[in-house]
Structure formats: C-alpha cells, structure tokens
Amino acid sequence: MNELLLVVTIGGERVALPSAAVESVVELDTLIPVPRAAPHVAGLSALRSRVLTVIDCMRSLELGATDCSDGIREAAVVELDGHHYALIVDLVEDVVEALSEPSPVRAAMVPGWERVAEGMIETETGPLLLVDVAALIAGVERQAA
Amino acid sequence: MDDLIADFVAECREMLEALGGEIVAWEAEPDDRARLDSIFRFVHTVKGNCGFFEFPRLEALSHAAEDALADVRAGRRQPDGQLVSAVLAIIDRIGEMVAAIEAGEEMPAGDDSALIDALAPGAEGAAVPLVATAGEGHGKASAAPRTIRLSVELLDRVMSTVSDMVLARNELARRLRESPTDVPVDGAFERLSSIIAEMRDAITRTRMQRIENLFVGLPRMVRDLSAELGRQVLVDIEGGDVELDREMIEMIRDPLTHIVRNAVDHGIEPPAERLKAGKREIGILSVSARQSGNQILIDIQDDGRGIDGQKLVEKAIAAGIVDKAAAAQMTPREQLALIFEAGLSTAKQVTSISGRGVGMDVVRSNVERIGGIVEVDSKPGEGTSMTLRVPLTLTIIPALTVSIGDQHFAIPRSAIEEIVRANGESVTLEHLGGAGVATIRGRRVPQISLAAILGLDSNVDELDRTLIVLRPAGGDVYALSVDRIHDHEELVVKPAAPAVMATGLYAGTTLADDGSPILLFDAAGLAQVGGVKLETQERAARIALGTSEIVSKATSVLLFRGLDGSRRALRLAVVERIEEVPVAAIKQAAGQLRLQVGEAILPLAGARKDELGEGNVRVFRLNDGEHEIGYAFAEVLDFATIEKDIIHSDNPGEVSGVSLVNGEPAEIVDAHWLFANHVGAAARATEQLVCRLPADDPWMQNMLRPMVEAAGYRVVGEHEDGDADLVIASKGSEVGEEAAKKTIWLRTEPEASGKKDGSIYRYDRAGLLMALKSAGAGGGKKKLAGGAK
Numbered sequence: 000m001n002e003l004l005l006v007v008t009i010g011g012e013r014v015a016l017p018s019a020a021v022e023s024v025v026e027l028d029t030l031i032p033v034p035r036a037a038p039h040v041a042g043l044s045a046l047r048s049r050v051l052t053v054i055d056c057m058r059s060l061e062l063g064a065t066d067c068s069d070g071i072r073e074a075a076v077v078e079l080d081g082h083h084y085a086l087i088v089d090l091v092e093d094v095v096e097a098l099s100e101p102s103p104v105r106a107a108m109v110p111g112w113e114r115v116a117e118g119m120i121e122t123e124t125g126p127l128l129l130v131d132v133a134a135l136i137a138g139v140e141r142q143a144a
Numbered sequence: 000m001d002d003l004i005a006d007f008v009a010e011c012r013e014m015l016e017a018l019g020g021e022i023v024a025w026e027a028e029p030d031d032r033a034r035l036d037s038i039f040r041f042v043h044t045v046k047g048n049c050g051f052f053e054f055p056r057l058e059a060l061s062h063a064a065e066d067a068l069a070d071v072r073a074g075r076r077q078p079d080g081q082l083v084s085a086v087l088a089i090i091d092r093i094g095e096m097v098a099a100i101e102a103g104e105e106m107p108a109g110d111d112s113a114l115i116d117a118l119a120p121g122a123e124g125a126a127v128p129l130v131a132t133a134g135e136g137h138g139k140a141s142a143a144p145r146t147i148r149l150s151v152e153l154l155d156r157v158m159s160t161v162s163d164m165v166l167a168r169n170e171l172a173r174r175l176r177e178s179p180t181d182v183p184v185d186g187a188f189e190r191l192s193s194i195i196a197e198m199r200d201a202i203t204r205t206r207m208q209r210i211e212n213l214f215v216g217l218p219r220m221v222r223d224l225s226a227e228l229g230r231q232v233l234v235d236i237e238g239g240d241v242e243l244d245r246e247m248i249e250m251i252r253d254p255l256t257h258i259v260r261n262a263v264d265h266g267i268e269p270p271a272e273r274l275k276a277g278k279r280e281i282g283i284l285s286v287s288a289r290q291s292g293n294q295i296l297i298d299i300q301d302d303g304r305g306i307d308g309q310k311l312v313e314k315a316i317a318a319g320i321v322d323k324a325a326a327a328q329m330t331p332r333e334q335l336a337l338i339f340e341a342g343l344s345t346a347k348q349v350t351s352i353s354g355r356g357v358g359m360d361v362v363r364s365n366v367e368r369i370g371g372i373v374e375v376d377s378k379p380g381e382g383t384s385m386t387l388r389v390p391l392t393l394t395i396i397p398a399l400t401v402s403i404g405d406q407h408f409a410i411p412r413s414a415i416e417e418i419v420r421a422n423g424e425s426v427t428l429e430h431l432g433g434a435g436v437a438t439i440r441g442r443r444v445p446q447i448s449l450a451a452i453l454g455l456d457s458n459v460d461e462l463d464r465t466l467i468v469l470r471p472a473g474g475d476v477y478a479l480s481v482d483r484i485h486d487h488e489e490l491v492v493k494p495a496a497p498a499v500m501a502t503g504l505y506a507g508t509t510l511a512d513d514g515s516p517i518l519l520f521d522a523a524g525l526a527q528v529g530g531v532k533l534e535t536q537e538r539a540a541r542i543a544l545g546t547s548e549i550v551s552k553a554t555s556v557l558l559f560r561g562l563d564g565s566r567r568a569l570r571l572a573v574v575e576r577i578e579e580v581p582v583a584a585i586k587q588a589a590g591q592l593r594l595q596v597g598e599a600i601l602p603l604a605g606a607r608k609d610e611l612g613e614g615n616v617r618v619f620r621l622n623d624g625e626h627e628i629g630y631a632f633a634e635v636l637d638f639a640t641i642e643k644d645i646i647h648s649d650n651p652g653e654v655s656g657v658s659l660v661n662g663e664p665a666e667i668v669d670a671h672w673l674f675a676n677h678v679g680a681a682a683r684a685t686e687q688l689v690c691r692l693p694a695d696d697p698w699m700q701n702m703l704r705p706m707v708e709a710a711g712y713r714v715v716g717e718h719e720d721g722d723a724d725l726v727i728a729s730k731g732s733e734v735g736e737e738a739a740k741k742t743i744w745l746r747t748e749p750e751a752s753g754k755k756d757g758s759i760y761r762y763d764r765a766g767l768l769m770a771l772k773s774a775g776a777g778g779g780k781k782k783l784a785g786g787a788k
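Protein sequence lines correspond, in order, to chains A and B. 0 is the number of the first residue of the first sequence in numbering that gives the first Met the number 0; add one for each residue after it. 0 is the number of the first residue of the second sequence in numbering that gives the first Met the number 0; add one for each residue after it.
Hints are not guaranteed to be accurate.
[Unchecked claim] Beta-carbon label-pair distances, calculated as ranges:
no., chain 1, residue 1, chain 2, residue 2, range
1, A, 8, B, 55, 34 to 44 Å
2, A, 47, B, 187, 44 to 54 Å
3, B, 427, A, 64, 15 to 25 Å
4, A, 47, B, 66, 55 to 65 Å
5, B, 427, A, 79, 19 to 29 Å
6, A, 79, B, 664, 36 to 46 Å
7, B, 324, A, 78, 48 to 58 Å
8, B, 91, A, 78, 28 to 38 Å
9, A, 78, B, 404, 23 to 33 Å
10, B, 249, A, 1, 52 to 62 Å
[Claimed, not checked] The list that follows gives simulated cross-link-like pairs (lysine to any residue, SDA-like), each with its CA atoms no further than 25 Å apart:
no., chain 1, residue 1, chain 2, residue 2
11, B, 493, A, 113
12, B, 493, A, 109
13, B, 46, B, 73
14, B, 493, A, 89
15, B, 493, A, 96
These aren't lab readings, by the way, just hints derived from the structure by calculation. Glycine included, each C-beta is placed from N, C-alpha and C at the ideal position.
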C-alpha cells in the first residue's frame, strides 16, 4: 500500500508515474532527432554513456507537441525491455505515497489519456491518474503511421 | 527456499551442459572411468537434491540411472548402446523437468516408468549406431575451473560505469589541456588513464566466454542426428578455448547448429555410399575455432559428397534467381555462393532435419547481422568447408560517419563498396521519371538521396554531394548521396529502442566522442525505405528459359489460374517473364487482341476482351526464340512437374491435354498451337520437329514435342539408340544415318525459298499433322513405321 508515486505534469495535467519504474529525473539538453521515426519519438539523448530514446508525452497522448526548441527539458528516465527512455514532461513535482490501489475511472476521458491510464489512485493531495509507462512509450497505435 | 531451488536449477543446468559431450564420449569408450564418474556424479547430485526438495519424479529417475551406472562402475555390467540411449533419455527428461521448475511451471506430464524400464539389462530399445568423439578434451575429465555466478545485469552495470569513467577521463583530459598544469598532475593523470584502460580491458573480458560453450552440445547433436539418418560420423572439435562475446555466442549458436545439421544430413553420405566411393565408412566432421586479427574464424568441415556448383547454377536458373547469361560467367566460388540465395536447396527432398524452411540464406543473414561473413568452399566428392567469420565483439563495428545538414549518421563499413564524388569525372547523375540513376565508370546503379529518405533539408547542391556505393547483405549495389563524409571510426554500437528500429532504417545507436548519440544505418533498410528495387528481387519475377533437361519424363511447368478460372499449366521453359500491364494497353486490332509493351505489339492469348476487366492484368510473355506473344492469366499457383501421363485432347486447340499436377487435374496449354495461331502470317520463325527430336533444341522440345506426342509418337533424343520411324529436323541442319528413314524438314519462313524442297513451315499445323500422320501410317520411304503406336 506504500507504493511511491512520482507526480509530474503532462499537458497541464498532474498525473502519477509509479516511481519504481523511474530511474532518475534528468534535464535533457542535446536532442538528436530520429528521422522517420514515429512522431512521439522526439529523438535521442545521452545520459552519460547510455543512449536515451526521448518520448514526447504530449504527442504520445495526442495533446499537441512539446516545444523542444528552448533547450533544456525535464524528463523522467525509465527502463523498458532493456532500453532506456526519457519521457519529456512539463514539470516534475514531487514523490508522494499512494493511499489506495488504482481503481477504474468511470467517467469518459480524453482518448489519449484513456489509452495510457491504469486507473485512479488516491494520494494525500487528492486523486491522481496513474499512467502506464509502457503505453506512454508505445504511443499512438501504428494505424496512424 | 526459493533461493535454494534457484541454485539447484542453476547447478543442474551447468552440469547438464557440460555432460552433453561427456556422455557421447563415454559411449565411444565405455572403459573411460573418468567420464563414467562425472555422469554418475550428475545423477547422484540430482538424486540427493531432489529428495531434499521433494521432487519425487526427478528422484525416481535419477535413482534408477544411478543404480544402473553404479552397476557399470562396479563392473557388474558392460555399457552398450542401449544403456547409453536409456541414460541419455533420462538425462533429457531431467533437463525438461529442471527447465519447468525454473520457469515455475507444472512438471511436464508423462510416465517415467518406460524410461526407467529401458535401463534394465537386455531391455528392448532402439540400437544406436556408434558415434565417436575425438578432440582436445580427449582422455581428460573436465575439471571445472572455480567460478561464481553473476547476473548479467550487474555485469552490464559495471561495464556502463566503466564507459562513463572513460568519458569522464576524456572530459578531464580536455580540461587539463586547456589549463596549464604542473608535471606531477600530468603524471598522476597518465597513471589514472592507464589504470582505466586496463580496467576496461578486464571488464570486457568478463563479457567474453570460451567458445567451448558453443561446442559442447555438438557431439550429442551429431550423435542423435546420425542415429536418425543412419550415418556414421566422427566429430573432431578444436580450439574451444577461443573467447567470444557472450552475446555473440548466443547469436552464432543457431547458424552453427544449422551448418552442422546440413553437413550431417546433406554432406556426409550413408556408410554404404561412402564405401563405394572409396572412403572410410565413418565420416569426419571437424569444427574448429581460431582467432585471426579482430575476427574469430569458425571452420566446419566435412568429408562428404560436397556441393555440385553446376547443379546449383541449374537450380538457380530454374528458380529464377539468376539469368542464364549471368550464370555462364560465374566463377566456381560464385556458383557455390548461390547456396546462400533464398529459395534454393540442393537437397533432393526436404527432410525433417534440414528442411525446416530456414535455409542457408537465414544463416547468412544472421551472421551478417552481427557483422560477420559466411564463406563456403567445396569439392564434389571430397567434402565441404564452411567458414564463419565473426568480429571479436558484437558491440564494436567499423563505420563511416556521414552528415546531412548538421546531423551525423554512421554507415557500417562492411556494406560500403566505394565512395565517389557526384561531380567526379567518371560519374554522371541522371533523373528518369524522378528516379535517380548514377553511372559510375559505365555501370548504372540506382541512386537515392539520404536527405530525401530522411526528410531532412540539405544545403548542399546535388552535384557537390558524395556518393557512397553500398552493397547490402544479399542485395545488389545502389548509390546513396550524402552531404559530407567524415571519418572511419570503430563505433561501440548498442541496439536501439523498438520505436527507433520500427523505421527499418537503423541498425543501432552509438555515442560520438563528445558523448552525443549517433544513429547507425542498416544498408538494406535504407534501400528498402528509399524505394530501391534490389536486383535480386527483380530477378525473382523473371523466369529463365529452359534447358535441355526437358527431355526427361518430368516436365517443369508453371501452374496458374486463367482469367476464366480454369487451372492450367504451361511449360516453364517457354515463359520468358511475367509482367503486369494496364488493360488499356490491350486493343482489339487486326482480328485479335494485341498487347502493347513499350515499342512492341504482341499478340495476346488467354483472354477475351470482355474477360479483361479494368485496371491491370498479368501476362506471361512467351518466347519461342524469335517471336513473343502474351498470355493473360489471373494468378500463378505454383511451380510443378508433370510426372503423370498427359491425356491428349481430341481437337487441336489452346489446350493440348489434361494431366494431374500436384494431385489435381490441370489443362496443359499447347504453346505450339498458341504460336501457330497467334503469330500467324507475320511470322518469320524457324525450327524442327521429329520422333527423333534434337534434344538440345528448345523449340522442338517445348513446342513440337507435345504435338508429336499427341500424334502418337514416342520421342527420343538423337543420341539414344534404336530405330526411329521419323526424324524431324531444321532445314539446313545436319542429320546422320537416321535421315535414311522418313524425315520431315522444317523451315522458318512461311514461303519456301527458291525451289520446292519438300520442307514444311514450322507453324503450318495442318501440314505438320499431315506429315506426322503419313509417317505413322507407314509412309516412310524405306521402312515401315513400326514403333509408332
């Protein structure tokens, strides 16, 4: 019951990432684009000697695009199937304790959020949407490509 | 408890791996006490542990095996093939169970009592032929070096920390160069540098594994295979102490296994055949590894029947992989290299061992994926030798860095054939319908622009770019134009994330010296995304002209579905190629359908105007050597051979008869009739026809032969013995003694040239049939026709 959550803001919305999945929070400066990759793949960056695949969460959620032109972006680094990803978020806020198991959100959500939501989770600061990191990385289904 | 079980599983697996070779060696030398002991030790350990963990089935199995082996150890029993097989079966079952425990699954279902019963002396069991092992390990029991188990994760963490350390050192070095320092600081830094280098070296070694791990399973595999196939094979393994990246070892496991399987299945002959060929009845398969420069060479040699390069070429032509002209110029080495082409197998029949749909083309692409090369050398009758060359580590690839705009990319050097400047003297660039064609020293190659593929802006004029001529694995060359080329570097390449790999363009990522990521291209992927049609793909759609083989009873045909839905077959040899043409290019003109292809107009058969529909239609282009006609069809079904008799139709027409092809009736299209009816008066064609038909004349064999057969003749070649009742020959050709009997002379022109010489125009169907009939009715000049039915 004491699962820790990383509270981040994506597209103006406060959501929770399971903090066990997050290795670190970094500030990205260089971003090398990957031509012809899916739109939500913002590019590659390096964290020390590791290559990070940078995911633009806004695009993955079909909420628009993050403006990467102004340089430094905050990102949460996660590992999935042996590859490291940096998820670009608006802001990394805090780590909070989960007070409940995730429960389904019964109201209709925006389709992008619907796809990545694992459920609603209670915290001290009120209910937050728990995000499935793998779904965020997968982005929009191939049909769009 | 879970930890204990995990340790037990790991211990079992390690012992099982080491045991694979031991047990076969023990079979060859039953008196070898050391090997017997190590097998005994394994079952004993399993028995002890599983009693503790409560795995009753494992315990029963290992207990039974232990008892039997204890008898052997005590000299109460002699080991024989049947006992070895029984022990092997038990060890296999133990392996399955251990795997199930590891995966946390239920034990595999099944009754073990049969396995246990097989251990009893004199029990019924399949006798297994003897397989012997010789090799380095011969005679010495494997004394395991002291080891500990580490998780790969931890190892990777250590490695990446060391890489970080190297980067930090580079950074420090840069800072030191910028600011004035005193000698002691420089000295200390030098020492730090050398220690870091040494550490990097050592940590790299931890990722390395002796190649022996790859080889220990081979004797056992060969033993089982040769038992199944009735071969006798001696495995000779050398150089097991060469070290290779652990990942690399996993990557070459399958290719190596496949090659060894092939060697046993197709290479080494059955014992009787070997004796007949004057060889020892036991075949020798030697596998050796050695290091050479920054490559590891793995040789797999057998002394079997070898590969017949000429046969390969014939198959390749029949399968449409190469055309005749190219085949004629092939060196023996190139001929052998054909085994790596997709869709080619020299095996007469697909067996369960090698014919799994994965062929040598898969072996090659697997090896090339890790930057390696496969080579083949073979002498028919003497054996085959395959060499795998793999780079020393998976992660370091020599590459060329290039750039578009200000972004850098890398291209594996192994795919690069040459680099030329677009404005160089021997290079011209042209655009045909938007497609780029580069002519480099007279050779035309498709050209694509990297900037266009990637959708990046390039500020370099087309003519100022550099062309990199690439030859992707298994494909033909193409030229890639890039803005600038930079440097040859050895890059430490890591796999990229799935989202990046999904583009099909990249092979991995790497870090530049300044720590920024660089994408490494996959040469074949670039071509594919860039829309380059690699020559090999184009070849697949073309079907080569037949060879003189057609004299044999089995005739190769192309099975297809006509526009009217009927299942038909056409002799493969007359089909020159398959094309898709727009229906708009087909017009009713001068009494028949005609198809316009480029500048030429071909008569079109196989369709009525109303059957064509809209859009595109596929046509065969048939060629008799001089004339071409089109034949519209719906779809190609298969390649097949006609082995059953052809039931000839009574009335001449497009279809000459029916036969069973692949178990279903198919109409056999009469190419002769097609040409006779469609080429018509416009023809200036030539050829010959006989009961004794020239075997080397494709027209006779493909066109005339069906007609002669339909008229009731048996067709023989000119070198076969026996009297022929009729000889058909081209006008102007030499005919030997047989000419004394009835001879039909064929001419190529509709009108006889000059005086009446009694020859028949080769598409004068009525005239030919008449001549055939008269010969068959005893109209021979000097002899009665007896042979005709």
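Hints violated by the structure (numbers, ascending): 1, 2, 3, 5, 6, 10, 11, 12, 14, 15
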